[in-house]
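**Q** Protein chains in written order, with my numbering: chain A, 1 to 429; chain B, 430 to 858; chain C, 859 to 1287; chain D, 1288 to 1716.
Just to be clear, a hint being listed does not mean it is correct.
Said to hold, decoys possible - To spell it out: a stretch of chain B is covered by chain A in this simulated footprint if at least three of its residues, at any positions, have a beta carbon under 8 Å from a beta carbon of chain A; those stretches are: (1) 655-668; (2) 699-707; (3) 760-772; (4) 843-849.
Stated by the list, open to error - Here are the simulated lysine-lysine pairs, DSSO-like style, with alpha carbons at most 27 Å apart: (5) B/850 / B/770; (6) A/230 / B/829; (7) C/1258 / D/1527; (8) B/770 / A/240; (9) B/479 / B/770.
Simulated from the structure, these hints should not be mistaken for lab results. What you are looking at is a predicted structure, and each value in this text was computed from that prediction instead of being measured. We put the CB at the ideal spot given by N, CA and C, even for glycine.
Protein chains: 4
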Amino acid sequence: MQLEEQVINWRRNFHRFPEQGFLEMRTASIVASVLDELGFDLQMGKSVMKEEACMGKPNAEITDNHVLWAKQHGAIERFLPFFQEGYTGIVASLQTNRPGPTVAFRFDMDALPIVESDSFDHAPMHLGFRSISEGTMHACGHDAHTAIGLGLATLLSEHQAQLTGVIKLIFQPAEEGTRGAKAMASAGVVDDVDYFIAAHIGTGVPKHHFVAANNGFLATSKLDITFSGKSSHAGSEPQKGKNALLAAASAALNMHAVSRHSSGDSRVNVGELHAGSGRNIVANHATMKVETRGETSEVNDYMKEQIENIVDGAARMYDVEQTIELAGEAISCKCSEQLAKELAQIANQHSFIENVTLLSEDNAGSEDATYFLNAVQERGGQATYCIFGTDLAAGHHHEKFDIDEDTLLPAVEILFETACKFGKVEKQS
Amino acid sequence: MQLEEQVINWRRNFHRFPEQGFLEMRTASIVASVLDELGFDLQMGKSVMKEEACMGKPNAEITDNHVLWAKQHGAIERFLPFFQEGYTGIVASLQTNRPGPTVAFRFDMDALPIVESDSFDHAPMHLGFRSISEGTMHACGHDAHTAIGLGLATLLSEHQAQLTGVIKLIFQPAEEGTRGAKAMASAGVVDDVDYFIAAHIGTGVPKHHFVAANNGFLATSKLDITFSGKSSHAGSEPQKGKNALLAAASAALNMHAVSRHSSGDSRVNVGELHAGSGRNIVANHATMKVETRGETSEVNDYMKEQIENIVDGAARMYDVEQTIELAGEAISCKCSEQLAKELAQIANQHSFIENVTLLSEDNAGSEDATYFLNAVQERGGQATYCIFGTDLAAGHHHEKFDIDEDTLLPAVEILFETACKFGKVEKQS
Amino acid sequence: MQLEEQVINWRRNFHRFPEQGFLEMRTASIVASVLDELGFDLQMGKSVMKEEACMGKPNAEITDNHVLWAKQHGAIERFLPFFQEGYTGIVASLQTNRPGPTVAFRFDMDALPIVESDSFDHAPMHLGFRSISEGTMHACGHDAHTAIGLGLATLLSEHQAQLTGVIKLIFQPAEEGTRGAKAMASAGVVDDVDYFIAAHIGTGVPKHHFVAANNGFLATSKLDITFSGKSSHAGSEPQKGKNALLAAASAALNMHAVSRHSSGDSRVNVGELHAGSGRNIVANHATMKVETRGETSEVNDYMKEQIENIVDGAARMYDVEQTIELAGEAISCKCSEQLAKELAQIANQHSFIENVTLLSEDNAGSEDATYFLNAVQERGGQATYCIFGTDLAAGHHHEKFDIDEDTLLPAVEILFETACKFGKVEKQS
Amino acid sequence: MQLEEQVINWRRNFHRFPEQGFLEMRTASIVASVLDELGFDLQMGKSVMKEEACMGKPNAEITDNHVLWAKQHGAIERFLPFFQEGYTGIVASLQTNRPGPTVAFRFDMDALPIVESDSFDHAPMHLGFRSISEGTMHACGHDAHTAIGLGLATLLSEHQAQLTGVIKLIFQPAEEGTRGAKAMASAGVVDDVDYFIAAHIGTGVPKHHFVAANNGFLATSKLDITFSGKSSHAGSEPQKGKNALLAAASAALNMHAVSRHSSGDSRVNVGELHAGSGRNIVANHATMKVETRGETSEVNDYMKEQIENIVDGAARMYDVEQTIELAGEAISCKCSEQLAKELAQIANQHSFIENVTLLSEDNAGSEDATYFLNAVQERGGQATYCIFGTDLAAGHHHEKFDIDEDTLLPAVEILFETACKFGKVEKQS
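Chain A with its partners taken away, still in its complex shape (with noise of 0.2 Å):
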């Protein structure tokens, strides 16, 4: 079977059986099956993630509830050991064994909570890979990133007598929340990197297009707060109630008048506020989904902690207790200038592409990458985040979300291109 045959095979394998941040353990196991048997060295699970640094993980219930999925699902048994607590990392490193650079490529593997169109001009439904998962969707193209993971493992491994140095594949677990980098991140996955590259497919960048460096990423929190109270007959005797819901009421709003900052663009949202049990009662409790944003860590950090007080300050305003849990967390970066030329040069060498952006400022969202990209340079070595472009159906998040699969050839050989720059043994000839 042909390359390009096998990445569009992986890929439509993992967009047919999505798996949410955490629960990746299907795809894991493929990904270190896969990987196994290409010869690279693996780490897996705890060992390339900080329990302490996972945000947002879910319980453990609906944990042990995926790994039965999973396993009826074709994942590879042997490989589930290593991720049924939802410690869906892997970090596969090839030795050469030979001097040189640790050189390192980010993938990303978790799907999001979309139910999947089921209309017929939705290519995935009409060739027959739509998810089977109702509810999760590979609507952001991270499947289409493990595809091309594996893709430049397959080139890596055929050609690794020609390399130099160490080349550490990184597959990481919820991208999506910003939940599950720090933790790999925190572990020391990339502590020996030199030079370190991520790769997003489609963000807006059309096909034939190559971005070497994306600046544009805004530092966010996630924060999932509760207020409980004490509930009391409305009617009866109100005065006994602590209503959390008021609480929360006041909280949202006051968050959302925080503050614009002169340092840079800010964001809070109040995504998602439940309260109360019914309409007699005066609610004992509420829950809200929140994330801030700034366009630097410094922002996003002043805006976290104004939301912190305003949390703090609503509490004692109705005398009930509150919790902050961190759900997800990025940072902002700055991508390495050099590294990024380097990048340009092999994109613009390579026939599928047409034209090359060297820095883009463009806000895109937030990505949680960052903490790899930060913990390198801080040790001295180069980073950067890069954008293969592709035409999509539509847009990211949407149901009918699809990638042009044209671009992951090229995609994988670019890549492939980057890894022999700094690892190959002729390199310095």
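With chain A held as given, fit chains B, C and D onto it using these hints.
**A** Chains B, C and D only, in chain A's frame:
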């Protein structure tokens, strides 16, 4: 079988198969069947309930499903057609064909959305009549009310030769949430009534006590409120959203800030608020369950009007759409003093009763029997709302609520004496 | 000069030179001078007012300026030293040196911050005793109260040979805002009192009517609240501000949302809110004038506690400092039934009185004489608060408020009869 | 007298007699007198200001009083009639009667409501030209701008034989609060202008530095908002009030919660809120001073529209009336690149200037000269806003703000060179 045993059996039967408002198909079919056998003329369903005055009625899917449940759980099938759309009211008349006044009694039949205790110190549990419907429970005593109504019907039927005028027994759905009485009163079922008596068991009045008139009901309105805006990605273009969550939060806060009223007690409660569909989405939808109360209908109307202003204003603030649906309503009442005195006298003569209170003004929540009382009084009749004391295992609406069944037969007998007082042949002799 | 003419003269004198709470230097000096001439023993100033229990007392600059004003407008200079710091209370005792109970009467002396009407249909205007102090007005009748007190003193002095026990006349400052009584009660001025009577004129009770006991006073707390944050340029670096205006706005809204109380009427009002110093500056300061009320002291205490929570919470929300100063307070009371009956009997016998109400429960605002009533009752004495009806030109606190002076002499005489009833030599004969 | 000395004298004169927006009668009369003597054609008052486009203009009482003040403090009386109603703008034209372009310069004349420092380390204090008007201060440098304008006029007059075309000097009132420029632009004073230059001194740019174009101005709207409700006694019948204070508090909170805009920076500030007349009165009136800003006029318009929705909604919530008055407004601008380059070149050649920045995008607050820039550009002309760096004793709007007067003469000379560049006879030779 003795009457007392029969009444207790009925009560336990209804307790074991509780049905929520507008879903009392099984209960109503059994009530209708008993009354039919006892020789009462029956009017049922839409003929005694004005459709557009029903409030908070479940949708057809829920109603249809419940009909299936009722069939599987002992409903008397020949009566189901009258009730299958959820119009579960019954008016049973005993025509004596002798001149005399029309005397009416109201009994409510619906249960509450409460999970009944399965602790073995809870009598319905260890005696085997705990609710078989998880999440529905007779936790207010309407099972007892319905059983008392059937006991009264039995006595009336046995003694009809001695009665004059017309005796009407009104079995009302959906008293909880004050949703069902208005539809029956609007259908004119008490328009010919000279004397009207509604009764409740318990409510804090101990066993052997009787309250002949209760004026303490608060007028109330139950409002289902929605805000509909426009969703938008909270990171990339928040300004394109129309934030229904903030409209709801602002409305909730300002609703509770509606001014007190100097004419009497008022209440407002936003019991539930649910908004938003995801952390990073500007929320495009919010729902609230709200109730207002007033010591008088005037005060409640004031509260309701303020709430309407606030909902309108909050929607304008955020440029979102709003709807307010009336999901229940009750008015205040003043019992007829003369009728109350006669009831007090009758109760005084019953051996079970040790203590009679003529009039209570204690705040006793809300009750939609007030629509019947007002309708009767407006046409020159007399009406009262009385209370049969009983010792409770736990308060109303509690998962361990239970009555002392000793009170059932005396309640039947006192109501029968009342019917006789106004309808006995020998009355004037 | 006849007593009636004298009392009217006093009333008009005080009306023309009104003084607000804790600034009654001129009034008090005249009262003291008259009482001194009539042979009463005087205690004045700090000896009858506990400094730390004074609430909402003006600062030294205002007090000092007012002393100058008082000197220029007819104050009796030899008494000013007692009052010049604003402790303007007087307790005048008539020691009969014959055994008998101690009977006390309370009169309040302060005026309101209201601009008196200069319309010629306003009697004080066309009769020449309109306030000479623009912005200060006796619009509640305390001018009449003080004059009645001096009239009573005159009769007591004339008839002292026939009296027994001790008669105490208490002239209180700062009843408006309920600021002065607590300081006098705390100083122990009624600790030896067996019978205590406070009186008000008007309050909606018409001429020739008398109310012997008024229980309708709401407990109240007057709170001066500040928020202090940090200013910042709203355009260039808004995030550096700490927004006191938003803290205050949020507090105001949430204060009004404090739950109703099932034990009785409650009230809350943010009557004034002032914040900020410029359109383009993040506001660093905000002040609020707030009051709570409760049908009972328990309810008012509940309201006050919630307000304190809210102020604390709002300050935390915006990371600003807050202060709450008690600017006035009154408790609720229940008049002594026995004493009220005796007063009713005395009033009934007066030719001017046509209608006597023993007890009124009507909400009559708040009144700090309640501190005296409670203190007397706690030690086993009896106390009541009575009302002398009069026809008013306009309601209390209105710029055209005016009483019918016909009521003054009867009021003096009824209080004198009361003093005699409990202190006359011949009483038991 | 040397020109530099003369310019400094003018600046100190204006500094000592500062006048706020639309009250620059004294300043304008002196400016007019000097320009008149120098041979300029003058248009003054309403002929250069569209009445209905003036924003936030003081009322007649304030204006009339200030005319008296101006007369007493050295105004040139014969010019006062043009300015006495507060239309204090001047357009001075030098007609060379030789063909050539029309070049215009804008100078603003108004001072700020700030109490100037009386510390002796504050140069205007120890040199004797501190403001004689307590509470009004030239704390932004408009005194220098006006003096530079007169200096420029002097040079132009001296060298008019060598100039071509028309040179217009625009002296604008009320730049603070962005209130005056729109009225002059609307009157068409730049409709014939080919090249337009506005200048500011300082703004953080150090001495010897020059910025040829500043694009960083935020569009802004200044809104005066009122809510009018109905007062009521908060204790006796609070429900009869219509609470303007709560409407304002709710509006303030929700205004700050207006969403960020992804197209650029936005700002909102409720700088002042004043509501209510007494603690125990439901507040019937509230006023707010609000401003919005936007990186572009589009963003500012979005903010303003949200504010309008919120004010409308808050008024409906509390059933009160509302008004919104525009008290100032400015738009954003983009300087003409070509003109900026020429200015940069001219400045570069001046010996005083060591550092030239072509274009600054730094947020520099708001400025209503943007109306002139846009008007000129819309008709095909070129326009720029430049900055003459100077060392400041303290920041703009600070009580110790002071400039380094060394910058004055170079500023005059560079502007003169600019006029020459576009209007010199020898230009094309």
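**Q** Do three or more residues from the region 760-772 of chain B put their C-beta atoms closer than 8 Å to C-beta atoms of chain A?
**A** Since three or more residues must qualify, the claim that chain A covers the region 760-772 of chain B is violated, with 0 doing so at under 8 Å.
**Q** Tell me if the straight-line CA distance from residue 230 of chain A to residue 829 of chain B falls inside 27 Å.
**A** 19 Å, holds
**Q** With a cut-off of 8 Å between beta carbons, are at least three residues of the region 699-707 of chain B near chain A?
**A** holds (count 9)
**Q** Checking C-beta pairs, does the region 655-668 of chain B have three or more residues closer than 8 Å to chain A?
**A** holds (count 5)
**Q** Hey, residue 770 of chain B versus residue 240 of chain A, does the alpha-carbon distance stay inside 27 Å?
**A** 36 Å, violated
**Q** Would you check the hint for residue 1258 of chain C and residue 1527 of chain D, treating anything up to 27 Å between C-alpha atoms as holding?
**A** Judged against 27 Å, a Cα distance of about 21 Å means the pair holds.
**Q** Under 8 Å between beta-carbons, do enough residues of the region 843-849 of chain B, three at least, approach chain A for the coverage claim to hold?
**A** violated (count 0)
**Q** Mind checking the alpha carbons of residue 850 of chain B and residue 770 of chain B for me, to see if they're no more than 27 Å apart?
**A** 13 Å, holds
**Q** Does residue 770 of chain B sit within 27 Å of residue 479 of chain B, going by the straight-line distance between their CA atoms?
**A** 33 Å, violated
The structure shown violates the earlier hints numbered 3, 4, 8, 9.
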